[in-house]
Each structure stands twice: as C-alpha cells, then as structure tokens.
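All chains should be built: construct the whole structure from the sequences, respecting the hints.
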Amino acid sequence: MTEGMIEELPMMGELLALLFFSPIIASFPIAIAWGIDPRPEWARKLPVLSVFGLFVSLCVALYILFNVGELSPEAEPIKYTVYWLPDFNINFVFIFDYLSKLMGALTAVIAFLIGVYGLEYMRDDYRLGWYWFFFNLFTASMLLVVYSDNLLMLLIGWEGLGIASWGLIGHWFRDDDELSYVGVLKRKVAGLNMFWSPSTGGWRAISTIRIGDMPMFFALGALFALTGNLNISEIPWAGLEEKIGVVGIVVLMAAFLMGPFTKSAQLPFSEWLMTAMTGPTTVSALLHSATMVAAGTYVFMRLSWYIQPWELHLEGYEYVYILVLFLGLISSLYAALVATSTRERKVLLAASTMSSLGLMFASAAASYWIGKFAVLVAFWYLITHAFAKATLFLVAGHLIHETHDRFLCGDMEVARKLKWAFVATVIATIFLSGIPPFTAYWVKSGMDGVMHHLEHEFGLLPLALLVTISAIYSGFLGKFLSMNFFKGKKVHLHLHGGGIMSTAYVLMVSMLIVILGLYLTSHEEPFVEFFHEGLLPSSFAVGLIVLVAYSIGLFKPQLESPIGQFFSDRMYVMFLNDYIVPKIGWAVAKVVDYGNMLIDFTCHQAIPQMFEVYSAGIRFVQNGSLERYLRIVIGFVMLIVVVAVAAGWIV
Amino acid sequence: MISEYSLVVSLLIPLIATFVLPALKPRVATWISALSFLIPMVVILALLLTLQEFEVPILALNAPIGDFYLLSDPISNAFGFTVCLVSAMVALYSLPYMKHRFEEMVEAGEIKDITWEFRKYWFLYNLYAVSMLWLVYAGNLILLYIFLEISLLASFLLIYMYGYGNRQWVGILYFVWTHIAGVLALLGFLMVGFSNQTLALHSLSTIGFLPWLLIFLGMVVKLPGLGPHIWLPWAHAEAPTPVSALLSPLTVGLAGYVLLRVYLVDPSFIVEYRDVIIAYAIISSVYAGFSVFKQKDYKRLLAYSTVSQMGYVLIAICLGSYGLIGVVIQYMSHAFGKSILFMTAGAIIATFHGLRDVAKMGGMHEYVPTIANAALIGFMTLSGILTIGMFGEFYILAGLTKVYGFNLTVILAVVLVFIISGLYSFYTMKIIYYGQPAGYEKPRFSKLLDFPLYVIAFFSVAFIFPPLSTALLSGMKILLGIGGGMP
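From first to last, the protein sequence lines are chains Z and P. Read in order, the letters of the first sequence correspond to residues 0 to 650 in numbering that gives the first Met the number 0. Read in order, the letters of the second sequence correspond to residues 0 to 486 in numbering that gives the first Met the number 0.
Please note that a few of the clues may not be correct.
Below, a list of computed lysine-lysine pairs in the BS3-like style, where the Cα atoms sit at most 30 Å apart [as the list claims (entries may be wrong)]:
| id | chain 1 | residue 1 | chain 2 | residue 2 |
| --- | --- | --- | --- | --- |
| 1 | P | K476 | P | K293 |
| 2 | P | K98 | P | K295 |
| 3 | Z | K185 | Z | K418 |
| 4 | Z | K582 | Z | K185 |
| 5 | P | K476 | Z | K242 |
| 6 | Z | K44 | P | K441 |
| 7 | P | K24 | P | K98 |
| 8 | Z | K418 | Z | K555 |
| 9 | Z | K555 | Z | K489 |
| 10 | P | K401 | Z | K185 |
| 11 | Z | K371 | Z | K242 |
| 12 | Z | K185 | Z | K416 |
| 13 | P | K359 | P | K119 |
| 14 | P | K401 | P | K446 |
| 15 | Z | K416 | Z | K489 |
| 16 | P | K98 | P | K359 |
| 17 | P | K111 | Z | K187 |
| 18 | Z | K242 | P | K401 |
| 19 | Z | K187 | P | K293 |
| 20 | Z | K187 | P | K295 |
| 21 | P | K111 | P | K98 |
| 22 | Z | K582 | P | K359 |
| 23 | Z | K185 | P | K476 |
| 24 | Z | K187 | Z | K589 |
| 25 | Z | K589 | P | K293 |
| 26 | Z | K589 | Z | K416 |
| 27 | Z | K582 | P | K446 |
| 28 | Z | K418 | Z | K486 |
| 29 | P | K359 | P | K476 |
| 30 | Z | K185 | P | K111 |
| 31 | P | K476 | Z | K589 |
| 32 | P | K446 | Z | K44 |
| 33 | Z | K582 | P | K293 |
| 34 | P | K476 | P | K98 |
| 35 | P | K359 | Z | K589 |
| 36 | Z | K371 | Z | K187 |
| 37 | P | K295 | P | K446 |
| 38 | Z | K44 | Z | K416 |
Think of the hints as simulated: they come from the structure by calculation, not from any bench. Fair warning: this is a prediction, and the values are worked out from it, not measured in the lab.
Right, dumping it as structure tokens:
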C-alpha cells in the first residue's frame, strides 16, 4: 500500500510530522521556560511561538484538504502508512477521505483562531506553560484522531484528548477564583454541593472518560484478536457478525461506543461536560467545537462510513444503531431543556453543545436506514455547529472578561460598547438555530428529511423529537442573545483591550457565511440535496416554528416556573456522579480497609503472639526441676489409665 | 560474538562498581554508580533493538544442577533494560535524598558519620540493583534463586538500617515474608531439578504439579497477591525512598519474571487452573485498587497501587501468548510509573521535612510544580495513557478475547480493574497536587530530585513510538512464537 502512495504523495511523511509535532514542539519553549522560572516577563511573549505551531498545522491541514485526492463523498480514500508494529499488522495508517480532510481543516482553523484569541485572553495568567502545552497537545491529539485509520493509533490521540482536557479543565488548580467555578457558591441541595471547583471539574472529566475508554479499549483488543486488523477501513465488519453472532456484535459495538458516548457527553455521562466550564473559556471553545466532544461523534461517523450498515442489513448492527439513534435524541432533548433554564453563560452553551451532539449521533445513526446521506448531514451539522459554538464561547469569554460575571447579564449598553461581540452573537445564534435561509437551516432541513424517512420504522417519533428539540434550541439561543445584550441586568463594564479577541471571533463567525455560500451555490453533493430539502414546504414550516421560538426567547427570555429550577439543576443527574457512585465506591473501600486491618492483625499481631504464647508455655515446662518432670510423667500415666479403662482394655 | 562479549562486560561493570564504590566520596560514588548502570543500559538497548538472542555459558555443573549460563533474549533484555534505567536514575536521586535522611538520623542521634553511612549505603544499593540485573540474565533456576536471595538480603539491610518508623520490625517482617516466598520457590526449583536432572532453563522439559504449585505460591507471596499482600505496604512505606523506588518497581515484579520463565518451560499448571488464577488475580487487583482510596500515607498509597498493578501481571499470565507480552510490558510500565511516583513521594518527604500525610497536602503543584508534573506522567503510565502502559493493557485485552471469547463476566471484571487504576490515579493527583494550596513555603531543592524522574518519563513515552516499540514487540513476537502470519 505504501509503495504505490509514495509517488502520489510527495513529502507526506515530513508534512505529517509537521502537522502533528509542530504544535507540540512549539509549545515546549513556554512550557520549559515556565517550569524553570514561573512568571518571568520575557516568557510571556513565548505563546506567540505556540500559536505559530498551530499555524503550521493549519497550513498542512489546508494543503491536505485541497491537494490530496479528490474532495468528494464518493472519492476513494487515500492512505499513507508509517511502520509501527508491522509484525502485528498495526501501523500508523493515515487516511485522507472526505470526512478526515474536512474535519482536519476544521480542527486546525478553529484551534488556530482560538489560539490567537488566547494570546490576549490568557495574557496575565499564572500558568502559561501548562496552558499552552496542553492546548497544543489537545489540538495535535485531535488531528491524530481525525486522520487515523488505525484504531490503536487513534487511541493515542483519543487518550491525548482525555489527558489534555483534564489538564485544561483543571487549569486554575488553586480553586481560588470565584469566576472559575460552576454553580452558585455555597448552594446545597439535599446535602450535596451544587458548585464545582476547577480541580473537581478536571477530576469529573477524567473519571467519566476513563469509564468509557476502558470498554472501548477492550473492543479494540477484541477486534484485533478476532480479525488481526485494526484499520477501520479494512476490518471485515460484515464477516464479524457471522463470527461472533448478534449478541457478540452488540456487546462489541456497545463497548466500543462507550468511548464516544462518554467523550461526547451523552446521557448519563453528561455531567462532566457541564463542570468542564471551570476551565478557561478558550478551552471550552475548543473542547466544544472541533475537539474532544466532537471526537466522539466524529469517530462514530467514521465507523459508519466504513461499516456501511446500510449495505449490510445485519441484525446486530441494527440494534446498535437503534440504541444510538434514541440515546442521541433523548440526550439532545434533555440538554435542550436544561439549557433553557441555565443562568450561567458557559453552562448554557455547554448544554446546547450536548444537545447538538445528540442530534449528530441520531442523524449519523439514521444512516442504517437512510444511507450515507445521513452521515453527511450529521457531519455538516458538526461543521456548522463548530464555528457557531466556538464563536459563542469566545464571545462569552470576552463578556466574562469585561463584566467579571459568569452569569447571564448585560443590557443594551453592552451591545453598544462591545459592538463586534454583539454582531457576532447575532449572526452565530441566527445561523445556528436553523432560521431560513441561514446556514444551519439547510443542514437542519436535511436532518428533517432524514428523520422523516424513519417513519416506516419508528413512526413520526424521531421527527417530532427533532422538531421539538430544534424549537427549544433556537429558543434558548434567542435567550442567550437577549440576556447578554438586551434584557439582562445592568452591569459595570471593565473595558480594556479586546482587539485581538474580537478579531478572532469575527473571523470565526464569518466562516458561517462562507459555509452558507457553499450551501447555496455548490453543485456538489451533499449540498444539492440540502438545498433541495430546504425548498420543501415542510422544512420551511419547521423553519418558521424555529423562528417563532427564537423570537419568544428573544423577547421573553425569562419565565417564572417551578420546573425551571428542576431544569436549571440539570434534573439532578449530578447525584449519579457526586452521590451514588462515590457512595458505593467508598463503601467498598471501607470494607476493603477493614479487610486489610484484619489480615494485618492476623499476620503481624495474632500469629506472632500465638508463637510467643506457645514458646512461653514450652519454656514454662522446661524449668529443669525434676519434680515437675515427674508430675508430668505421672499425669500422662494417669491419663493413659483413664483412657484405657474407659476403652475397656483393662477390666 | 561481539554482542556476547559486550553483554558480559557491561554486566560486570556494575558488579565491580559495587566493590569500588565504598572507597569513593559520596558525590563521586553517586555518578559512578549511575554510570555503571547506564553503560549496560545502552548495551542492552542495542541488544533489544537488534533482537539479539543468545546464551553465554559460565559453568557446567553435574546433575541435578546443570549448566550455568547467561540467557539473553528479548524478554531478559526488556527486563534488564528496565532494571538498569530505574537503578541508574534512582542512584542519582539517592544522593540528595539519602543526604537528607542521614542528616535526619544524625539529628536523632541514630548515626554519627554521614560519609561512613554513605559507604555502606552505596555498597548495599549497588549490590541490590546488580543482583536484580543478573537475575534476569540467569539461565539456571538455582542461579536465579541465588540472585533473588542476594537482592532480598541487600534490601532487607537497607530497610533495617535506614528505614522509617519501627524499621527493625518492618525489616524483619519483610525478611520473613520474602523468605517464605524464597523457600517455597527453592523447594519447587529443587523438585524440578531432581525430576529433570538439570536446572538449566534450556534443558528443562516438564514441571510437575507440585513444584509448579510451590513456585507459584512462592511468587504469589512475593508478587504479592491478595492475602500475602499485607507485607508490602509496610515494607514500601517504611523503606528509605530510593529503596522503595527499587523494591516496588523492580523487585516484586521479578516474581512475574520467574513465573514467565517457568511458564515458557511448561505452561501446564497455569493452563489447567487458569480460571481460578485469573479470578484470584482480578479480585486481588480490584481489592488493592479500592484500598488505595483509603490510604493516608503517600507511600502506603503507592504500595497498594503496586499490589493492584501486580494483579495485572497475574491476570496477563493466564491469557496465552498475548498475555505474556502483556506481562513483559506491564512490568516495564509499572516499573517506569511506580519508580517515578515513589521518587515524587520521596522528593516531598525530603523537601518538606518528612511530609507524607496526604491529609496535610493539597495544591502541592504550587510549591513543587516539577514534581507534580512528574507524578502526573507516573500516574499516566499506571493508567496507560499515552505511555507504554497502553500496550500492556492492549495485549491483556487482546489475550482476553483470544482465551475467553466474549465472556461478559471476565470482560467486565478486567475492564473494572483498568478503570479503578485510572480513577485512583487521578483522585490521588487531585487530593495531593491540586485544589487549594496547603500553605507551605516554596522550597528550593536539588535538581537530582526531579531530573531523573523525567528521564524515566521520557522512556515511558518513547516506548509507544518506533523504533523502541517496534523492536520490543517484534522481539516478543519471535520469542513467544505468535502465529506464522497473523491470527
């Protein structure tokens, strides 16, 4: 495979090395300088280098997008192999197909823009080395996930995402800044703290992710043991069901998908995503748009792309895809409801991301019945969502910076003084909610079509859920705009700088307009299909519902309702993370601790003491006096006589 | 020929150094000791990369002992490399640490002359490390036993003389337990010798049930499994930290090495009782994993994590050829990770005057960032994130499917084992290094307390990439004869 490709892909090895290693290596200067001597003034200029590393990645990713093979959903994937464990048929296999090329470019663009924003946002931070190292590692890991065909290699990137997200979420490890918390400080419900510090946020993230990653890792090991191949595009997915049966496929795929489910925060693993907001806003922006959470759905799309379940029609896969479809829709509905009642800027956006991820899962899962088009819908929704969500997070970060308040607040004055933030928010919310004829409308129309096609299998339930979710979704986006720029409480602004930050998010939001242009003018699939779906009256009707919901959110952002508190407390799902699981764990730990004490006592107290008692006893006997020995002998004789009489030997 | 020659010479260097070191000044002795392990490390790495496999005869003895020879193959090279790397780095680390320890002991009036104590220390330290190095190259079970005993004696003396707390009691406790292990194994070895009329690994053919059982039980005490594990927290916590940093990463894992060698001769016992052993191993690992959460002493906490990690070794040995690869890699990854972690614990003890109570820590990243970051890599290695530990878990899981298929109970149990490792790792990171700083002064400390940790960390990460991983795993594949093509 390699031989043929080398001529086609000149310098590919070097380019890929640049792609993955330049961000990491470029972050070394700041990481090392900070490690040697924290907070020197000269070191505060080094982050520019890190961003340059991201820029190099961006150039390579764009080169790959436009120059390696044809950019079409039907194009044959191009692969490039670097030997790793050739004896085990496990190699670094890079794959360049429709999904990976676009996703790689998306990741690189977003990471670069957020990197630029971070230059200003993080300027006065106390932990720059840590921040930039993990930020760049985060990006490189995501790129590795994106371009991997080999699952073990993908797992390196996957674990890199996990550890980098942990590092960044818990970035402000001192837990001393109220602004970095999530939840209302000192608030308790049923004895449980309803606020989370950054170090807790990091712990919740990594602990949840580990729970998903290990089953996924098992699935990898099992795939390797069963097929001897770990390349997604080469694993004989159809033959697998013959080999291990329907139950085997369900177990294997469910184990595998535990990874994507936890990474993408689907129910019931959603809590970590909400408390991930303890990290710097740049991190939230990256985490929520093109890395980490997107990695979960991306991997599912990539799997579906090559499993091609629509060609197989196998029972095992069908169960799995039904599971993903409904888990996605339900998670999405849950998150949308939570987002309506959340009062914190970033947590609202976090919940909305979870909702979007649910839709991506559901739409990609519908591919079992619809075909490749469903995956494309999910994928283009991911891209649209990524730019919009990154913009909203960056704006939120800027607002938090200027208002020193992480709760929704701000009135017309904010809109006047932070014009660009206001404009970016307007565009991002309108373009994301699916109001015709803006960007997300077309892809959402495609999604309406996909869910509508499931009528034969599941009735109108999926479509009804999707429309409900879309309406709620646009409602809280309207609320977000309104509560930050129109109807929020008056705030005192601490305006300083902000030029780099606003440039970054304006560039980010302008990408939405570029994509809109693509949807409207392109003659290629899947855009033609999106366009076609968008012109249907039913899609337009949904668009109107969405517009109405958005307006309601905009003009009446706050409603008093008892159920609001329930939603705002995220339906108390955190009891699973913070109460049920730890309680069980600590109970076991306690039992185990008693066990240890018991063994310790037995081996190191009881048995040695027993020996002491015996030895004292034996020494007591051996005191050298003849009288005692005589007594013992007589005693034994008497005992024998008694026994003998009793036994009837002596008459 | 050149590789045989260089191996022998490089193995002799640390042995000779052992007897030279007491004559030198502490600082010089430190560097010589480290160098005496770095040279064989480089040689062994070269052997590992070139997939060397050979024997160097030493002595031919009569039955039932058989030939004494050095056995170099990818397995012993992998173990040998680990021993050398960790020993060299811990040697460097010993200088500032033991200086601190000796000063403390002088204050307490327990010793008088620091230089004199350093002479004893360097002799015992090098003897301890070199005996483990020779152990992995020993091609005869008796030779192997001899080195096992030497390492035991040297480490016992180090604990007895320089340990913490009730060190004489702990030393004897350690001695008795490991002797039980040694005697059981020796009995097993002798029975093997009498039935085969040799103890040379290359001429052994069968190992009966009883000798296998004795060796297995002995090694379970040493490894340790649940039950006998109770000696380990005492010994690891109260030993001076450089000794803990050899004891836990290298010594206990060598029990896994012995089992592996015996398995390669005759796997009958493990194959026969696979289900019982794996159940015991899983319970032992989960049990120890849960114990970690309750520990209040940093070193004791790490000791329980060792028990949990050694459970992996015992699990892996039940899982066929892939499992055996898992044993080797698990040994390496645990050695890398745990030596880093024990050294971080020691660095905190040395810079904060005996601080080891976890409850008094918190936000330590504020005061010792380099140590905290090293600890992170250590825990990443234990939980298999971005380090060699990843391969260990991968091969264990692949072996699991090969041997047990889709047996849900076993799958869930092993997955639980791995999850718990990840959880206690990051829980410990959180309570010790993050959160609100506990209010100490930011200390200044010797570079030797943190730099060696990063050298080990480098290898821990480097081993997932070519050429190291390629060579290591190719060697394993050839040696363990996994399939002709691919499964």
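Evaluated hints:
1. K476/P to K293/P: Violated, because 40 Å separates the two Cα atoms, which is more than 30 Å.
2. K98/P to K295/P: holds (26 Å)
3. K185/Z to K418/Z: The given pair, whose Cα atoms are some 35 Å apart, is violated under the 30 Å limit.
4. K582/Z to K185/Z: holds (21 Å)
5. K476/P to K242/Z: Holds - the C-alpha atoms of K242/Z and K476/P are around 25 Å apart, at most 30 Å.
6. K44/Z to K441/P: holds (25 Å)
7. K24/P to K98/P: Roughly 13 Å separates the two Cα atoms, so the pair holds.
8. K418/Z to K555/Z: Given that 30 Å is the threshold and the Cα spacing comes to 23 Å, the pair holds.
9. K555/Z to K489/Z: holds (17 Å)
10. K401/P to K185/Z: With Cα atoms ~52 Å apart, K401/P and K185/Z exceed 30 Å; violated.
11. K371/Z to K242/Z: holds (26 Å)
12. K185/Z to K416/Z: violated (33 Å)
13. K359/P to K119/P: violated (34 Å)
14. K401/P to K446/P: Violated, because 47 Å separates the two Cα atoms, which is more than 30 Å.
15. K416/Z to K489/Z: holds (13 Å)
16. K98/P to K359/P: Measuring from Cα to Cα gives roughly 24 Å; hence the hint holds.
17. K111/P to K187/Z: violated (58 Å)
18. K242/Z to K401/P: holds (13 Å)
19. K187/Z to K293/P: Roughly 26 Å between the alpha carbons, so the hint for K187/Z and K293/P holds.
20. K187/Z to K295/P: Since the Cα atoms of K187/Z and K295/P sit roughly 28 Å apart, the hinted pair holds (cutoff 30 Å).
21. K111/P to K98/P: Status holds; Cα separation ~13 Å.
22. K582/Z to K359/P: holds (24 Å)
23. K185/Z to K476/P: violated (58 Å)
24. K187/Z to K589/Z: holds (26 Å)
25. K589/Z to K293/P: holds (7 Å)
26. K589/Z to K416/Z: violated (57 Å)
27. K582/Z to K446/P: violated (42 Å)
28. K418/Z to K486/Z: Distance ~16 Å between K418/Z and K486/Z Cα, so the pair holds.
29. K359/P to K476/P: Answer violated: K359/P to K476/P is near 48 Å, above 30 Å.
30. K185/Z to K111/P: violated (55 Å)
31. K476/P to K589/Z: violated (43 Å)
32. K446/P to K44/Z: holds (26 Å)
33. K582/Z to K293/P: holds (13 Å)
34. K476/P to K98/P: violated (45 Å)
35. K359/P to K589/Z: This hinted pair holds, its Cα atoms lying about 21 Å apart.
36. K371/Z to K187/Z: violated (48 Å)
37. K295/P to K446/P: Holds - the C-alpha atoms of K446/P and K295/P are around 28 Å apart, at most 30 Å.
38. K44/Z to K416/Z: With a Cα-Cα distance of about 29 Å, the restraint between K44/Z and K416/Z holds, given a limit of 30 Å.
Taken one by one, the earlier hints fail for this structure at numbers 1, 3, 10, 12, 13, 14, 17, 23, 26, 27, 29, 30, 31, 34 and 36, listed in ascending order.
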